[in-house]
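S.K.: Number 578 in our numbering belongs to position 512 of the sequence shown; there are no gaps in the numbering.
Check before you lean on any hint, since a few could be wrong.
Ranges between beta-carbon positions, derived for each pair [as the list claims (entries may be wrong)]:
{"#": "1", "residue 1": "A406", "residue 2": "A547", "range": "38 to 48 angstroms"}
{"#": "2", "residue 1": "E347", "residue 2": "P628", "range": "21 to 31 angstroms"}
{"#": "3", "residue 1": "S609", "residue 2": "R389", "range": "34 to 44 angstroms"}
{"#": "4", "residue 1": "E165", "residue 2": "T574", "range": "52 to 62 angstroms"}
No wet-lab data here; the hints were simulated from the structure.
None of the values given here were measured: they were computed from a predicted structure.
Ideal Cβ placement from N, Cα and C applies to all residues, glycine included.
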Amino acid sequence: MLRFVTLVGVLIAVLALVVPAGAADTELPVVTLAVEGVAGTASDDVGVARVEVAIQDATTRQWWQPGGGFGTYTWLNATLVAPGEPVSDWDYPGVPPGEYIVLARAVDTSNQTSTRIWGRTTVSNVVPPVDEPSILLIMTDDQRLDDVWVMTNAKNEIADKGLEFTNGLVVNAWCCPSRISTLTGRYSHTTGVYKNFPPYGGYDSFSAGEDGDTLAAWLDDAGYRTGLFGKYLNGYAGTYVPPGWDHWVSFVENERNEGGAYFNYTLSTNGSLVSYGSDPEDYSTDVLSDHVVNFIATTPPDEAFFAFYTPFAPHGAPVPAPRHLGALSDVTFDHPPSYAEADVSDKPQYIQDMPPFNSVGVDRNRVRQMETLLALDEGIAEILDTLESAGRLENTLIIFMSDQGILRGEHNFLKKMVPYEESIRIPLYIRYDALIDTPRIENHIALNIDLAPTIVDLLGIDPPFMEGTSLMPLLRNDPVAGWRTDFLIEHLKGGTGDPVPSYCAVRTTTELYVVYQTGEHEYYDLSIDPYQINNAADVPSNSARVAELRSRVNQLCRPRPPGYTALGP
Numbered sequence: 067m068l069r070f071v072t073l074v075g076v077l078i079a080v081l082a083l084v085v086p087a088g089a090a091d092t093e094l095p096v097v098t099l100a101v102e103g104v105a106g107t108a109s110d111d112v113g114v115a116r117v118e119v120a121i122q123d124a125t126t127r128q129w130w131q132p133g134g135g136f137g138t139y140t141w142l143n144a145t146l147v148a149p150g151e152p153v154s155d156w157d158y159p160g161v162p163p164g165e166y167i168v169l170a171r172a173v174d175t176s177n178q179t180s181t182r183i184w185g186r187t188t189v190s191n192v193v194p195p196v197d198e199p200s201i202l203l204i205m206t207d208d209q210r211l212d213d214v215w216v217m218t219n220a221k222n223e224i225a226d227k228g229l230e231f232t233n234g235l236v237v238n239a240w241c242c243p244s245r246i247s248t249l250t251g252r253y254s255h256t257t258g259v260y261k262n263f264p265p266y267g268g269y270d271s272f273s274a275g276e277d278g279d280t281l282a283a284w285l286d287d288a289g290y291r292t293g294l295f296g297k298y299l300n301g302y303a304g305t306y307v308p309p310g311w312d313h314w315v316s317f318v319e320n321e322r323n324e325g326g327a328y329f330n331y332t333l334s335t336n337g338s339l340v341s342y343g344s345d346p347e348d349y350s351t352d353v354l355s356d357h358v359v360n361f362i363a364t365t366p367p368d369e370a371f372f373a374f375y376t377p378f379a380p381h382g383a384p385v386p387a388p389r390h391l392g393a394l395s396d397v398t399f400d401h402p403p404s405y406a407e408a409d410v411s412d413k414p415q416y417i418q419d420m421p422p423f424n425s426v427g428v429d430r431n432r433v434r435q436m437e438t439l440l441a442l443d444e445g446i447a448e449i450l451d452t453l454e455s456a457g458r459l460e461n462t463l464i465i466f467m468s469d470q471g472i473l474r475g476e477h478n479f480l481k482k483m484v485p486y487e488e489s490i491r492i493p494l495y496i497r498y499d500a501l502i503d504t505p506r507i508e509n510h511i512a513l514n515i516d517l518a519p520t521i522v523d524l525l526g527i528d529p530p531f532m533e534g535t536s537l538m539p540l541l542r543n544d545p546v547a548g549w550r551t552d553f554l555i556e557h558l559k560g561g562t563g564d565p566v567p568s569y570c571a572v573r574t575t576t577e578l579y580v581v582y583q584t585g586e587h588e589y590y591d592l593s594i595d596p597y598q599i600n601n602a603a604d605v606p607s608n609s610a611r612v613a614e615l616r617s618r619v620n621q622l623c624r625p626r627p628p629g630y631t632a633l634g635p
């Protein structure tokens with residue numbers, strides 16, 4: 067609730083209402099501006115139905131809007147509920163600290179208003195900030211670590227003012243399982259969601275009783291205002307709002323898209339379907355950014371929030387915002403040695419079976435993907451400005467990440483799901499001004515399943531079962547002993563569109579070892595072969611190390627992916 071405190075005393079003013087023409091000529095009601103806001107008292111039979119107020123920023127001379135934010139001159143209702151009762155509905159969340167001018171008028175029972183503004187005074191919004199930190203989690207779709215350079219606001223305002231993780235990684239490089247792992251802190255072998263579609267994947271595999279056990283539900287139970295804006299899970303196609311989400315703006319999957327789109331899409335907005343077209347103002351990243359801004363601006367100042375912003379960019383066949391089309395047309399790429407790899411005879415059969423690809427088309431598509439990120443970067447700037455205007459920036463944990471990476475011709479592959487570096491590595495930035503005094507590069511392994519434990523740890527919530535590890539020691543820059551040196555990667559083969567066999571893999575700080583359901587295996591020492599050119603799994607001098615890593619995979623990969631028998635029972 068917006069509360070006003072005078073600069074010179076508790077009572078600001080007592081102002082008699084001018085009764086509109088036609089109202090009973092009896093005692094006049096009065097409105098008192100005091101510590102607890104605007105209080106009103108009315109005598110019997112005065113004919114006043116309500117009081118309307120307007121709040122103007124004394125510096126900018128802009129007016130507070132009913133839905134939040136500043137704009138044109140607007141009246142706000144402050145209803146007199148009954149004679150002698152206080153004014154109600156005086157609830158304008160999100161008004162930032164500052165000096166304001168308050169104006170008011172009376173409205174009688176026939177909806178006639180007084181013809182003149184009957185009082186004005188300058189007040190200060192001195193509501194103390196909420197103690198609990200708010201959470202802003204931004205997750206892009208299929209963004210590679212080496213494409214984040216185009217997002218200058220994300221880099222300058224999040225990474226450079228917090229922690230930039232050089233070893234941000236995911237445990238299942240596929241959209242739906244990665245998102246669920248992020249929201250639960252659990253592996254696919256625990257959530258049961260390995261793929262983007264059933265069985266063992268997609269929205270249908272998670273919605274049956276599981277969707278109420280997520281970060282949103284835990285924070286909602288702790289009193290947080292929660293909101294999702296963008297892509298939820300592959301296969302979500304209705305008006306259903308999962309438990310724990312107070313505000314819900316999600317892409318609806320249909321025959322035109324796979325859970326998101328840039329134009330011509332539908333959003334499930336708090337249980338109602340809203341369709342958008344192809345006009346510039348319909349660009350989904352802009353629409354979603356505006357939703358996030360409004361959500362933050364309208365959150366009451368005494369309430370903390372969790373905002374999960376999940377735009378479609380830079381996924382799929384990219385469509386930049388019209389204003390950004392061609393903005394990066396001069397960009398060229400230095401391809402790694404693994405690009406269009408000539409000899410893949412040492413690779414698994416599914417890599418050997420990959421057909422030739424159009425390198426010109428791949429590079430052109432990549433440029434367009436990066437251009438889609440420009441609108442998101444502008445949205446991030448607006449969101450951060452809103453946090454600052456609301457006095458929340460210092461006490462908001464801001465996380466920027468991707469759900470996974472993707473290959474663009476490395477090893478002749480053009481998808482994700484594989485255990486190679488381009489697929490499992492993600493940009494991961496964390497800013498939290500209340501705790502991080504010295505921005506820095508952070509080299510410890512940080513996984514997508516670590517984010518839910520980090521948030522729960524920060525908020526002091528009794529932790530549910532999670533398999534990730536809180537990153538709070540790294541945020542505090544505490545001495546870290548015994549930090550993980552390896553982790554499991556898992557994949558369950560999908561349908562005909564997924565050529566990658568089921569596998570379990572272990573990724574250490576410097577190595578990758580993979581065991582496929584086909585019996586094939588791969589080993590790379592990243593310290594000497596960072597581009598994973600030469601599969602050294604069958605090199606005799608590596609046999610002892612490969613045996614150790616195989617034992618480690620066998621230990622970590624439990625339960626096994628459904629039908630996966632390469633490591634025995």
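S.K.: Work down the list of hints and note, for each, if the structure agrees.
M.R.: Hint check results:
1. A406 to A547: 38 to 48 angstroms: Holds: the Cβ-Cβ distance is about 44 angstroms, inside 38 to 48 angstroms.
2. E347 to P628: 21 to 31 angstroms: For E347 and P628 the Cβ distance comes to about 45 angstroms; the hint is violated.
3. S609 to R389: 34 to 44 angstroms: Cβ of S609 to Cβ of R389: about 57 angstroms, so the range 34 to 44 angstroms is violated.
4. E165 to T574: 52 to 62 angstroms: The hint (52 to 62 angstroms, Cβ to Cβ) holds, given that E165 and T574 are roughly 58 angstroms apart.
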